[in-house]
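Undergrad: Protein chains in written order, with my numbering: chain S, 344 to 557; chain P, 344 to 557.
Worth flagging that the hints you see were computed from the coordinates, not collected in a lab. Any given hint might turn out to be false.
One copy or two, either will do: identical chains are not told apart, so a pair holds if it fits within one copy or between any two.
[As the list claims (entries may be wrong)] Derived lysine-lysine pairs resembling BS3-like cross-links, with alpha carbons at most 25 Å apart:
1. Lys387 - Lys440
2. Lys511 - Lys387
3. Lys397 - Lys387
4. Lys378 - Lys527
5. Lys440 - Lys378
6. Lys527 - Lys387
Number of protein chains: 2
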Amino acid sequence: MGDPLDKARVPQATVPRLARYLRVLHRLERDGVAKVSSQELAEKLDANAAQIRKDFSYFGEFGVRGVGYEVSFLIAELSRCLGLDHQWNVVICGAGKLGQALARYRGFREEGYELVGVFDSSSHVVGTPIDELSVRPEKELAQFIRENSVHIAVITVPAEAAQGVAEKVIEAGVRGILNFAPVKLAPVDGVFVRQVDLSTELMVVSFYLAQDRD
Amino acid sequence: MGDPLDKARVPQATVPRLARYLRVLHRLERDGVAKVSSQELAEKLDANAAQIRKDFSYFGEFGVRGVGYEVSFLIAELSRCLGLDHQWNVVICGAGKLGQALARYRGFREEGYELVGVFDSSSHVVGTPIDELSVRPEKELAQFIRENSVHIAVITVPAEAAQGVAEKVIEAGVRGILNFAPVKLAPVDGVFVRQVDLSTELMVVSFYLAQDRD
DNA sequence: CAGTGTGAAGGGGTTCACAGCG
DNA sequence: CGCTGTGAACCCCTTCACACTG
Chain S
344 MGDPLDKARV
354 PQATVPRLAR
364 YLRVLHRLER
374 DGVAKVSSQE
384 LAEKLDANAA
394 QIRKDFSYFG
404 EFGVRGVGYE
414 VSFLIAELSR
424 CLGLDHQWNV
434 VICGAGKLGQ
444 ALARYRGFRE
454 EGYELVGVFD
464 SSSHVVGTPI
474 DELSVRPEKE
484 LAQFIRENSV
494 HIAVITVPAE
504 AAQGVAEKVI
514 EAGVRGILNF
524 APVKLAPVDG
534 VFVRQVDLST
544 ELMVVSFYLA
554 QDRD
Chain P
344 MGDPLDKARV
354 PQATVPRLAR
364 YLRVLHRLER
374 DGVAKVSSQE
384 LAEKLDANAA
394 QIRKDFSYFG
404 EFGVRGVGYE
414 VSFLIAELSR
424 CLGLDHQWNV
434 VICGAGKLGQ
444 ALARYRGFRE
454 EGYELVGVFD
464 SSSHVVGTPI
474 DELSVRPEKE
484 LAQFIRENSV
494 HIAVITVPAE
504 AAQGVAEKVI
514 EAGVRGILNF
524 APVKLAPVDG
534 VFVRQVDLST
544 ELMVVSFYLA
554 QDRD
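Sequences and hints are given; from them, build the entire structure.
TA: Listed below in structure tokens is the structure:
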């Protein structure tokens, strides 16, 4: 039951899990596995089998009772759920080490993401080759976004510059942002922002290590 | 109430938030702000004031009723809570772009983390200078960990190599791991693993963008 | 009869609302 | 009087348990 097309009320916690399921499924497919049960998937992640089935249930009925899931079919369905049946044009703003690391990450291309441009404000970095692209000057950013129908901007500039870059890309038409700068961007209606906080991750580790000393 | 030293039952979601509070507080201190209320902090993050106060309450009473919090005192207390009153020796395993990006990130040093070594298995990368360090061969990893009392290992190797590296560093005495490889590491008693999944983040963005099209 | 799909129970975390205190 | 500290209500999410079906 429940309209499979009503995706608005998918739990937020489900979405990154779908991406992880997909990754394991791709690995299974590469290994020639044709069918899989929720129990087997759960063992390969650190998940509960019921959780996996429930996550799928928000989108439809993908399995066969008594049998399991067909790997290739499940990959197709989950890809569609995550919006990967669409090509997403992506720019990276900020070509420091992190920006370059993300730019060279192969996984993006494989999933329907097309990195179309990398930008930086520093003239020392502009022109640096990154695979088949080269770093462009930031002043061309807005026009580039309009001319190449860019959907998503990844922000890897320093904290002080992030809000300005965000405003610029939104003004130029971007509706999705992946922000690695450690600042909260001002919310804008119709624009989705995903915040990633790398600088806090080490502290999470030391927190739990410090507990064990007591 | 509740023993402030009983840190075992701090909600898991609280820990990364403490780190974010700390970042905002450092910024306030730099700007010469001496006192702050939970309401003011909430506005600078995207948080609820009650949430901030509740998070603090797991560790003690840091404020003055009717007044607010003294910034420098709060920084000291939160730093202690996160284990930053201790020096943590860190190694990075895998000197690809991501490993190098993390290695060059200044924020680590400022908070009590000391990057003592960067390792890679590829002879093409060994010897590459990274600030005052240079990339070492992976075969020296275990001995290095023992001789330099390394507490935390950051894993930035490819997925296939991650489990092997994890076993090696745990065997050598590491008790905290920050894993960027997209695989679940086998759990080991007494070893804390924090998993970071960069490759799923773009999918979260495209999921929400795809919803708006419907 | 094995494994999915799901209502219902359970648990963890957030938010409310106010007592407590400087 | 203002803002902290916190029990209690609320809500979202996870997990259970079982009806359902190929």
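Undergrad: For Lys511 and Lys387, with the copy left unspecified, which applies at a CA distance of at most 25 Å: within, between, both, or neither?
TA: between (42 Å within a copy, 21 Å between copies)
Undergrad: At 25 Å max between alpha carbons, let me know whether Lys397 reaches Lys387 within a copy, between copies, both or neither.
TA: Close inside one copy (17 Å), not across copies (36 Å); limit 25 Å.
Undergrad: Under a CA distance limit of 25 Å, which applies to Lys378 and Lys527: within one copy, between copies, both, or neither?
TA: Only across copies: Lys378 and Lys527 sit 21 Å apart there, 43 Å inside one copy, limit 25 Å.
Undergrad: With identical chains, the pair Lys440 and Lys378 could be close in the same copy or across copies; at 25 Å between alpha carbons, which is it: within, between, both, or neither?
TA: The answer is neither: 40 Å in one copy and 36 Å across copies each exceed 25 Å.
Undergrad: Treating 25 Å as the Cα threshold, decide for Lys387 and Lys440: within, between, both or neither.
TA: Neither: 32 Å inside a copy, 27 Å across copies.
Undergrad: Taking 25 Å as the upper bound on the Cα-Cα distance, should Lys527 and Lys387 be classified as within, between, both, or neither?
TA: Answer is between: at 8 Å across copies they meet the 25 Å cutoff, but 34 Å inside does not.
The structure fails to meet hints 1, 5 from the earlier list, while all remaining hints are met.
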